[in-house]
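S.K.: Now for the letters of each chain:
2 protein chains.
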Amino acid sequence: MKNDHRFNEEERAAIYRVIAKRRDMRHFLPDPVDPNVLKRLLAAAHQAPSVGLMQPWRFIRITDTKLRSKIAALVEEERRRTADALKERGDEFMRLKVDGILECGELLVAALADKREQHIFGRRTMPEMDLASVACAIQNLWLAARGEGLGMGWVSLFDPLHLAELLNMPTGSKPVAILCLGHVDAFYPEPMLKTANWANERPLETLMFHNAWNGII
Amino acid sequence: MKNDHRFNEEERAAIYRVIAKRRDMRHFLPDPVDPNVLKRLLAAAHQAPSVGLMQPWRFIRITDTKLRSKIAALVEEERRRTADALKERGDEFMRLKVDGILECGELLVAALADKREQHIFGRRTMPEMDLASVACAIQNLWLAARGEGLGMGWVSLFDPLHLAELLNMPTGSKPVAILCLGHVDAFYPEPMLKTANWANERPLETLMFHNAWNGII
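Protein sequences, first through last, are from chains C and V.
Going left to right, the first sequence walks through residues 802 to 1018 as the working numbering numbers them.
Going left to right, the second sequence walks through residues 802 to 1018 as the working numbering numbers them.
In short, the hints are calculated from the structure, not lab data.
Among the hints, a few may not be true.
Identical copies look the same in the list; a pair holds intra-copy or inter-copy alike.
[To be verified] Within a straight-line C-alpha distance of at most 25 Å, the following computed BS3-like cross-link-like pairs (lysine-lysine) qualify:
1. K803 to K822
2. K995 to K840
3. K888 to K916
4. K803 to K840
5. K995 to K916
6. K840 to K822
7. K822 to K995
8. K995 to K888
9. K867 to K898
Using the sequences and the hints, build the whole thing.
M.R.: The following block contains the structure:
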C-alpha cells in the first residue's frame, strides 16, 4: 500500500540505527554537556506519550557536587545490599560497573509526580501506566542523546524513599531513575551485561506468541 | 567538545522529527501491515534497554478475528467503568475515541513475562523497573512505526486479569498494553486529548527542577 507518511530511506535508516546503537552506559568522560544539547534532549523527553496526557514526569538536574556524592553513596549502599541478595552471584555482581554517577558530565533524576491519583483515564485498573509514560520519556531522551553522540545510563540501584528525602520530594512523588548522561570514549558494541557474561540475550522469536501465550507465531 | 559519535545533521533531524511527530493514534485505515515491516518494528522493540538485561517483554500477535472482538468488548467494558469513575467528566469521556481495536491493520498485546522474581539486579528496591523496560520497548516500536508511516495507539483500558485469562497467560505474567498498529489517513497534528480539550499540555519548564524538588532551574 502507498504510504505518504513514511520517512525517507535515509531517515528511516537513522531511526533504526539510533535504536540499535543506544547503550546503557556506565563509563563516561568528565566533559560537560552543552546546555543547548541538554535542552533539546529534555524537550525530546517531554514529547513522550502519556496516559490521559497526564505528563507525570519530573526531572531534577543535579549540579551540586556534594549532592552528587550523596547520591553516589546511596547507590553504593544499594549495590552492596543487592550483592547480598544475589547470594552466590554477589561477588560476580560486585565486579560489575553499575553506574557512572561520579564521572558523567550531567546527572539527572527522573521522577513520578505527586497527586497522580487525580488521573483516572487509562489508569483505573492499570495505575502503573504513569511509570510507563515516564519510561517512554526516558527512552526518548536516551535515543536523542545517542543521536547527539552522548551516552546515558539508567541507574535503579537506590532506595527510593532515601533518594526522595535527599531531594526534598513531596509525598506521593517517587524517583524512578538516576540518569547518568555525558560524553563517552566509546559506546559498547553490545549490552555491557552481555559482554560481562552476566546475562544472555534471548532471540525475539522466543518472546513472540500468536493469539495466546505460547501460541506459535 | 569534538564528538565523533554524533549522527550527522540529517540523521539527527530525523530522530528529533520522529519523536515530535509520533502520536497516540485511535483512527486507522483497515489496510494490512506489511509482514516485513512488522518484523522490523518488533526487532526495534526488542533492542530496548532492560533492567539487568532481563528482557521482560512478551508480544502476542492477535490475528483471530473472534479474539479481536473479545478484546474490544473487554475495552468497552472498562471504558464504561472508567466513565462511571470519572463522575462529572464521564459523559465527556464517553464522547472520546479511546482505541482503534476493530479498525487497525495489526493488533498486538504487550505483556510482562512470568518468573520475574528471579531478577534482582536493579529491582531489589524497584521491582517495577520491569514495566519500565517493556515501556521502552513499546516506545521503540512506536517511533519505528512512525518512521515507517504507521500509526500506533497504546490502550490500557482493560482489566488485566480478564485479558490474561483470554490469552491463556500464566500466573505471574501481566498484559500491559493493547497495541493498535496500522495505516492511518493522517497523523494528529497534536495529541488528540489536547484537540478534544480533555487535558492541556504543560510546558517543560514547570516540570524541571534544580538540585531538589521545586528547586529553580
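S.K.: Each of the hints needs a verdict: does it hold here or not?
M.R.: Each hint, compared with the structure:
1. K803 to K822: For K803 and K822, the Cα distance is within 25 Å only across copies (19 Å; inside one copy 30 Å).
2. K995 to K840: Classified as between; 23 Å across copies, 32 Å inside a copy.
3. K888 to K916: between (38 Å within a copy, 18 Å between copies)
4. K803 to K840: Only across copies: K803 and K840 sit 19 Å apart there, 36 Å inside one copy, limit 25 Å.
5. K995 to K916: between (39 Å within a copy, 20 Å between copies)
6. K840 to K822: Both, since 22 Å and 18 Å are each at most 25 Å.
7. K822 to K995: Classified as within; 15 Å inside a copy, 33 Å across copies.
8. K995 to K888: Answer is within: at 20 Å inside a copy they meet the 25 Å cutoff, but 50 Å across does not.
9. K867 to K898: within (22 Å within a copy, 49 Å between copies)
When each numbered hint is compared with the structure, no violation occurs for any of them.
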